[in-house]
Amino acid sequence: MNILLTADLHLLRGTQERTLLKLRAWIARYRPDALVIAGDLSSAPQAAETLKNLRHCFLQGPIAVCLGNHDFWMLEDSSAEPGSLSGIVERYWLPAAASLDIVLLDAENLRLPELTIVGGYGHYDLGFAVPHLAYDGILVTEEDYARGAPPSGGTLRWRDFQFMPCDRPPKEIAREQVDGVRERMAAAADSRTLVVLHTPPFEELLGVPPVSPVTAESAPSVYAFFRAYLGNRSMGVLLRQAQDNLLGVVCGHTHRCAGPLNLGRTIGINIGSDYGVPKAALLSLDSNRFERLPE
Numbered sequence: 002m003n004i005l006l007t008a009d010l011h012l013l014r015g016t017q018e019r020t021l022l023k024l025r026a027w028i029a030r031y032r033p034d035a036l037v038i039a040g041d042l043s044s045a046p047q048a049a050e051t052l053k054n055l056r057h058c059f060l061q062g063p064i065a066v067c068l069g070n071h072d073f074w075m076l077e078d079s080s081a082e083p084g085s086l087s088g089i090v091e092r093y094w095l096p097a098a099a100s101l102d103i104v105l106l107d108a109e110n111l112r113l114p115e116l117t118i119v120g121g122y123g124h125y126d127l128g129f130a131v132p133h134l135a136y137d138g139i140l141v142t143e144e145d146y147a148r149g150a151p152p153s154g155g156t157l158r159w160r161d162f163q164f165m166p167c168d169r170p171p172k173e174i175a176r177e178q179v180d181g182v183r184e185r186m187a188a189a190a191d192s193r194t195l196v197v198l199h200t201p202p203f204e205e206l207l208g209v210p211p212v213s214p215v216t217a218e219s220a221p222s223v224y225a226f227f228r229a230y231l232g233n234r235s236m237g238v239l240l241r242q243a244q245d246n247l248l249g250v251v252c253g254h255t256h257r258c259a260g261p262l263n264l265g266r267t268i269g270i271n272i273g274s275d276y277g278v279p280k281a282a283l284l285s286l287d288s289n290r291f292e293r294l295p296e
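In my numbering, the protein residues as written are 2 to 296.
The set of hints was computed from the structure by calculation and includes no laboratory data.
Heads up, the beta-carbon is just placed ideally off N, CA and C, and yes, glycines get one too.
Treat the hints with caution; some may be incorrect.
Said to hold, decoys possible - Derived CB-CB ranges, DEER-like: (1) Q242 / R32: 34 to 40 Å; (2) G138 / P211: 20 to 26 Å; (3) L60 / D191: 44 to 50 Å; (4) T156 / L283: 37 to 43 Å; (5) G138 / A190: 48 to 54 Å; (6) A26 / E144: 44 to 50 Å.
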């Protein structure tokens with residue numbers, strides 16, 4: 002059995018056709034038994050159109066998706082209800098997924114004959130933030146991260162706080178995400194599992210250089226601030242406790258490739274798609290191997 006894995010397709014109306022063409026080419030060439038996408042499909046108002054396009058690419062086989070941060074974006078409708086991530090899921094994604102026989106991993110597992118796929122969005126718990134980060138002598142605080150901008154000002158912002166519901170602090174949402182994955186993993190305790198998340202749960206899967214020590218002589222890049230939003234370290238703690246039946250971990254979000262690599266007794270891979278440049282991997286359950294597909 003072979004599973005096609007991809008992520009970060011960002012199927013926005015103006016740019017989606019090239020990405021869908023690539024997806025159809027992978028499916029035609031490799032003939033996977035299932036299709037799995039690790040988040041950032043499009044945006045919330047485009048949920049029905051996006052999932053319909055994915056189903057048209059893969060008419061017969063099982064499809065499972067988890068959501069990414071962009072999938073909660075309302076864009077021009079950012080001030081409209083619903084005002085929570087769960088509200089977005091219930092209004093936009095669950096009805097569309099159910100109508101197309103697509104499994105939304107944020108709500109349920111996909112059980113295959115040889116494997117259960119468990120997953121969810123993941124969010125960010127600030128666990129990968131640069132320690133003691135400061136700009137012009139001013140330490141970055143949790144309040145700065147909660148509003149999406151460093152204390153030094155400037156024009157760069159983490160745009161989730163502009164376009165998606167942020168009714169609670171990031172750490173609280175991240176804990177809720179961990180709890181949801183824990184519950185769905187417990188429901189699959191009798192099976193080998195593949196965990197599919199949008200945000201990376203391990204530093205090794207971020208696909209970015211390790212943190213360099215902050216010194217008085219080297220002013221940090223403004224981009225160092227955004228490292229806090231790259232993943233959910235607490236999710237990794239959960240997964241390390243559950244490795245007995247865990248075949249692998251798949252993620253995206255950072256638009257940087259990482260792996261496949263060994264993570265203790267399991268394997269991890271960050272797909273690494275970028276805008277308009279989709280990437281994919283094939284998981285063979287016969288050999289338990291992840292193979293990156295040629296671009």
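Going down the list of hints, with the structure as the test:
no.	hint	in the structure
1	Q242 / R32: 34 to 40 Å	holds (36 Å)
2	G138 / P211: 20 to 26 Å	holds (24 Å)
3	L60 / D191: 44 to 50 Å	violated (30 Å)
4	T156 / L283: 37 to 43 Å	holds (41 Å)
5	G138 / A190: 48 to 54 Å	holds (50 Å)
6	A26 / E144: 44 to 50 Å	holds (46 Å)
Hint 3 from the list above is the single one not met by this structure.
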